[in-house]
Amino acid sequence: MTTSAPARRTAARIPVRLDRRYLPVLGTFVVLALMLVVGGTRYDNFLTPAVVSNLFINNAHLVVLAVGMTFVILTGGIDLSVGAVLALSTVVTAALLQAGWPVPVVLPLAVGVGTVIGLAHGVMIHLFQVQPFVATLAGMFFARGLCFLIAPESIAIGDPAFVELASWVQIAGQWRMTSSVLIAAIVLGVAFLALHFTRFGRTVYAIGGGEQSALLMGLPVARTTVLAYVVSGTCAGLGGLLFAMYSRSGYSLTGVAMELDAIAAVVIGGTLLTGGTGFVLGSVLGVLVLGLIQTVITFEGTLSSWWTRIVIGVLLLVFVLLQRVLSLRRT
Amino acid sequence: MRDVLRHHLFWPVAALVALLVANTVARPGFLAITVRDGHLFGAPIDILRTTAPLLLVALGMTLVIATRGIDLSVGAVVAVSGAVALSQLAAAPDPAAPGTVLRAIGLALVLCLVLGVWNGFLVSVLGIQPIIATLILMTAGRGVAMLITGGMITTVTSAPFKVLGSGFWLGLPAAAVLAFGVFAAVAYVVRRTALGMLLEATGINPAASRLSGVRSRTLTWTVYAASGLFAGLAGLLISADTMAADANNAGLFIELDAILAVVIGGTALSGGKFNLSGTLVGALVIATLERTVTVLGISPLVTPLFMALVVIAVTLLQSPRMRERFTAVRRRTGTGAQRPAARPDSTEVTAG
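Residue numbers (this note's numbering), protein chains in the order written: chain H, 1 to 331; chain S, 332 to 683.
Careful: at least some of the hints might be erroneous.
[To be verified] So the derived list for chain S, only partly shown, Cβ under 10 Å to chain H, looks like this:
#1 Gly360
#2 Gly430
#3 Thr431
#4 Leu433
#5 Arg434
#6 Leu438
#7 Leu468
[Said to hold, decoys possible] Per label pair, the in silico range of CB-to-CB distance:
#8 Val123/H x Phe341/S: 18 to 26 Å
#9 Val169/H x Val448/S: 30 to 38 Å
#10 Leu182/H x Thr355/S: 44 to 52 Å
#11 Thr355/S x Pro152/H: 51 to 59 Å
#12 Arg546/S x Val325/H: 39 to 47 Å
Treat the hints as calculated values from the structure; they're not laboratory data. Where is the CB? At the ideal position from N, CA and C, for every residue including glycine.
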């Protein structure tokens with residue numbers, strides 16, 4: 001990290017010319033558009049409403065995770081627990097429904113599990129000054145262990161009310177939308193408003209830009225840091241709920257390495273891991289790029305699934321280099 | 332007593348002893364070691380053997396963390412190393428020939444060294460944050476390993492190679508001898524020369540150390556290369572243990588275990604001061620914990636829960652806030668009055 005100190009300083013001094021800030025997100029957008037164009041010309045039935053709808057339906061939970069992750073990364077932290085918390089939330093949902101609890105009680109409980117874990121992270125990180133990496137790593141192990149304690153095996157969800165909620169599909173022509181896509185869109189909208197139009201959002205950016213400066217400016221650093229982790233935990237809990245709707249089951253091994261996908265989406269979406277710069281909409285573009293890679297590889301047919309990981313790695317590299325070049329030019 | 336309590340190894344060692352006591356209570360013969368065919372057998376020996384790969388990975392991780400970095404790619408490197416070595420052996424006409432085995436081992440280690448150098452290049456030359464630079468290889472590495480094995484679990488029979496995993500040297504498990512030997516050699520080099528101090532200087536303040544003539548860039552590059560090499564060696568031990576190269580599961584989460592071992596050992600992730608003895612204890616704690624869970628008859632799937640509890644306990648006890656509280660209590664009772672409340676060495680936690 002020899003040169004990260006100057007990088008952080010430039011990140012804090014947001015340039016006057018706005019276009020620089022939007023460049024990484026623009027890059028993500030170009031990649032997304034290119035993939036759609038190339039896919040559309042290469043394969044028949046690629047740019048059909050069904051495929052595009054499925055892209056959203058399959059990735060609704062990841063959108064929610066990436067949105068929560070963006071808050072944490074903007075403050076300069078990281079949350080490694082989201083995949084495990086997502087699994088815990090699916091397991092809690094499935095186990096409680098199996099025990100006959102009513103849906104209106106189970107839904108807030110499943111999300112609440114994430115909120116509580118997020119709060120614990122925030123407290124560990126802020127009050128006890130444990131590094132975010134370590135605290136959320138412990139949270140990841142904790143949540144994963146708890147999953148196995150509750151249910152070592154997959155539990156199918158048969159509750160009629162939940163199934164009805166999960167199978168709600170709105171069709172306009174060939175366009176399809178499920179309740180999980182709707183929820184993800186609402187989460188995205190709320191996050192966007194919170195980040196750009198509230199004091200909390202501005203403080204999040206300020207902390208990422210420089211915690212010391214934010215503190216000296218009299219901003220509520222403690223409350224905001226803890227709240228960022230609460231947001232991420234809550235999003236992970238909600239993501240679990242969406243995943244439970246999607247898979248109609250709760251399984252303790254879901255979401256292994258999903259935190260990496262979320263982080264990758266945020267980075268590809270143009271958010272700097274040092275904090276302070278980035279947009280929640282970029283993260284969603286990042287999720288769509290990841291989802292599209294999967295779709296392309298499925299369409300290609302001959303390529304094995306492990307190419308997905310290699311392509312994601314290469315894309316990460318390209319975007320990181322792009323950001324590096326941009327931040328160098330700024331100085 | 333106060334000095335003992337203040338020692339940086341106190342809590343990690345206490346955790347290790349507590350685990351051993353719990354095991355001995357659950358199974359009175361736990362600590363017994365027997366000699367059979369000139370080899371040592373017993374649960375403690377077994378723990379040493381299972382610690383070996385983790386110890387190697389944690390060793391590299393400690394050095395990387397000392398320079399204020401982190402290496403997330405080690406798990407993927409472990410998978411690549413096993414995949415290369417075993418597919419080399421599988422492709423050879425005689426997998427048991429010493430030359431073939433040596434070539435396979437050499438090739439795997441060189442490739443892992445190259446992967447480490449790649450990480451080092453991204454971090455030290457291009458100046459990418461370590462966590463994201465190594466995340467690239469972490470994501471892509473397993474895909475590469477899959478590519479090497481063709482997506483299958485390669486299995487081979489090769490007696491000389493198998494020795495690395497389950498053989499014995501000097502009555503001790505070969506894997507343990509190798510890992511602890513490498514650990515001792517590195518600890519000797521790092522602590523008996525100025526290298527360790529230079530690493531710490533790089534971690535504490537890269538700019539200042541560069542201005543005072545420390546070659547930060549070369550050092551950073553070296554630690555990532557070393558981390559890759561050690562992870563490769565760990566990958567050989569793991570694949571030799573099962574004699575199967577499983578690109579999906581070999582070394583899965585070992586990067587997290589290694590980071591935990593380093594953290595339990597009292598090295599702060601913010602870089603600077605590091606202690607290798609702490610990492611050794613940390614690795615032993617994790618291996619013993621895994622063993623304890625099976626001894627106590629709990630499903631091994633629940634192991635993460637206990638790991639989380641140990642980590643939370645140790646990190647909270649080591650956190651600056653807790654230390655301040657301890658010092659405050661001591662000052663109030665007057666026992667610590669003669670010493671100034673010196674900040675312990677591992678508490679430089681930077682903001683964010």
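- [ ] Just pull the numbers of the violated hints for me, sorted ascending.
- [x] Result: hints 1, 2, 3, 4, 5, 6, 9, 10, 11, 12 break, sorted rising.
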